[in-house]
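> Residues per chain, in single letters:
There are 2 protein chains.
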Amino acid sequence: MRTRYHQELAELGTSLTQLCDLSATLIGHATRALLDADLELAEQVISDYGRVTALSAAAEERAISLLALQQPVAGDLRSIVSCIRCIGDVERMGALAVHVAKIVRERHPEHVLPAGFEGEFAEMGRIAVELAGNAKTVVGSGDPEKAAGLREQDDVMDGMHRRLFAALLDRGWKHGAGAAVDLALLGRFYERFADHAVEIGRRVVFETTGTLPPEQEVGTY
Amino acid sequence: MRTRYHQELAELGTSLTQLCDLSATLIGHATRALLDADLELAEQVISDYGRVTALSAAAEERAISLLALQQPVAGDLRSIVSCIRCIGDVERMGALAVHVAKIVRERHPEHVLPAGFEGEFAEMGRIAVELAGNAKTVVGSGDPEKAAGLREQDDVMDGMHRRLFAALLDRGWKHGAGAAVDLALLGRFYERFADHAVEIGRRVVFETTGTLPPEQEVGTY
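Chains as they are written, first to last, in UniProt numbering: chain A, 1 to 221; chain B, 1 to 221.
These are computed hints drawn from the structure, not numbers from a lab. Be careful, since some hints might not be right.
Note: identical chains are not told apart, hence a pair may lie in one copy or across any two.
Said to hold, decoys possible - For lysine to aspartate or glutamate, the following DMTMM-like pairs were computed, each having C-alpha atoms within a straight-line distance of at most 25 Å:
{"id": "1", "residue 1": "K102", "residue 2": "E152"}
{"id": "2", "residue 1": "K102", "residue 2": "E215"}
{"id": "3", "residue 1": "K174", "residue 2": "E106"}
{"id": "4", "residue 1": "K146", "residue 2": "E123"}
{"id": "5", "residue 1": "K174", "residue 2": "E110"}
{"id": "6", "residue 1": "K102", "residue 2": "D158"}
{"id": "7", "residue 1": "K102", "residue 2": "D143"}
{"id": "8", "residue 1": "K102", "residue 2": "E8"}
{"id": "9", "residue 1": "K174", "residue 2": "E40"}
{"id": "10", "residue 1": "K174", "residue 2": "D143"}
{"id": "11", "residue 1": "K146", "residue 2": "D170"}
{"id": "12", "residue 1": "K146", "residue 2": "D36"}
{"id": "13", "residue 1": "K174", "residue 2": "D76"}
{"id": "14", "residue 1": "K146", "residue 2": "E110"}
{"id": "15", "residue 1": "K174", "residue 2": "E123"}
{"id": "16", "residue 1": "K146", "residue 2": "E106"}
{"id": "17", "residue 1": "K146", "residue 2": "D38"}
All of these numbers come straight from a predicted model, not from anything done at the bench.
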């Protein structure tokens, strides 16, 4: 009975790491679609979102069945409750990749990014993929130090996001209001993606230590 | 023992309805701060967010202690798991009100909204307050029909959001890129606020019927 239980608990963890992997793939593809104005890849991201919702519904059912059948206590219980919250975060990460892909589709065959912004978004995309990968590692290892590392990467993302907004709100902005709106939203999608990865790390620390690290500050944008 | 248990379960529901109330208050205040360029009220929203995080942490601890001590099964278990997910949604609703308030603070003493947009945002604010109030009713009653009503209000919000974006992306837009960025983000904050209220309704249906209604579609913006 205990063996079966620990196997099911491990499987719940596996579902969550699979969701992290999937969100890394989706934001990676969405970024490439954005940089190349690649409609086909954008459509793929949009249709792949069905895998996110299916996987997250299955993970939640697994958590409920663990709670119902095994009646876990103490550490295992916290771990399952953390998983339930993390499922919500990683689901949103997938949805944010879809938001990026939908802007690409909306503007196709035009490129969304004005010339000169490709490098910035390639970098935001790279950090997002890395954050999802590190969230996966944290979920697998439960290591509070690795979780703290997520915050450092998020700080880099926040800095890029702030600089992007400074450019958009500058009086010298010369790409028009439409492009500014698209870039503001894209910037926000990447920044929120990062926030959710950090939130997963915060939950893992909670799970390991029983104490929630302070909330992330709510930014201006 | 059972009496104590049902009392604690009821208290968990009360925590969630209090969070809905608080998010209604915050988005209502944030909207008034936006319409009146009222810095003091914006600051109040920002500092009131501490009550959201405190209340949501307490609600989550209550859920964990219910799961640990009472080992509920079947309907009660689903209800507690739904609560855990809803706490996340209503926390975000509070954070979105703070986002609105922070834009007001950032632009003060200027008004964020260009002339002619007050009515639109007053209406989006009104619907947001109503949605939070109705989410509270749904949490209290568990009524799937009332939960479906949330979706109808959300459709109205989505329509306003789409019309706002059409105006922002129109070549005739004459308020500059900075105002377009602010309005795009504000529009998104209200629309996301509504989505979270709908998500709470979706969870309540899950709790009542054991089946999750289909996910909301991920929009373009």
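> Hints first: check each against the structure and report whether it holds.
Outcome of the hint check:
Only between protomers do K102 and E152 lie at most 25 Å apart by alpha-carbon distance; the minimum there is 24 Å, versus 29 Å within a single protomer. Taking CA atoms no more than 25 Å apart as the test, K102 paired with E215 passes between copies only; the shortest distance there is 17 Å, against 30 Å inside one copy. In this assembly of identical chains, K174 and E106 lie within 25 Å of each other by CA distance both inside one copy and across copies; the values are 22 Å within and 23 Å between. Within a single copy, K146 and E123 get their C-alpha atoms as close as 21 Å, which meets the 25 Å cut-off; across copies the closest is 45 Å, which misses it.
For the identical chains of this complex, K174 and E110 are neighbours both inside a copy (17 Å) and across copies (23 Å), given an alpha-carbon limit of 25 Å. Proximity of K102 and D158 under a CA criterion of 25 Å is satisfied in both settings, with 23 Å inside one chain copy and 16 Å between copies. Within a single copy, K102 and D143 get their C-alpha atoms no closer than 35 Å, and across copies no closer than 34 Å, so neither meets the 25 Å cut-off. Proximity of K102 to E8 under the C-alpha cut-off of 25 Å is found in neither arrangement, the shortest distances being 36 Å within a copy and 44 Å between copies.
For a Cα distance limit of 25 Å, the shortest separation of K174 from E40 qualifies neither inside one copy, at 30 Å, nor across copies, at 34 Å. In this assembly of identical chains, the alpha carbons of K174 and D143 never lie at most 25 Å apart, being 46 Å within a copy and 52 Å across copies at closest. With identical chains, the CA atoms of K146 and D170 are never at most 25 Å apart, being 37 Å at best within one copy and 46 Å at best between copies. Proximity of K146 to D36 under the C-alpha cut-off of 25 Å is found in neither arrangement, the shortest distances being 33 Å within a copy and 45 Å between copies.
In the homo-oligomer, the alpha carbons of K174 and D76 never lie at most 25 Å apart, since the shortest distance is 55 Å inside one protomer and 57 Å across protomers. Taking the shortest alpha-carbon separations for K146 and E110, neither the intra-copy value of 40 Å nor the inter-copy value of 43 Å comes in at or below 25 Å. Taking the shortest alpha-carbon separations for K174 and E123, only the intra-copy value of 23 Å comes in at or below 25 Å, while the best inter-copy value is 32 Å. In this homomeric assembly, K146 and E106 never come within 25 Å of each other (Cα to Cα): the closest approach is 38 Å inside a single copy and 34 Å across copies.
Taking CA atoms no more than 25 Å apart as the test, K146 paired with D38 passes in neither setting, with 34 Å inside one copy and 42 Å between copies.
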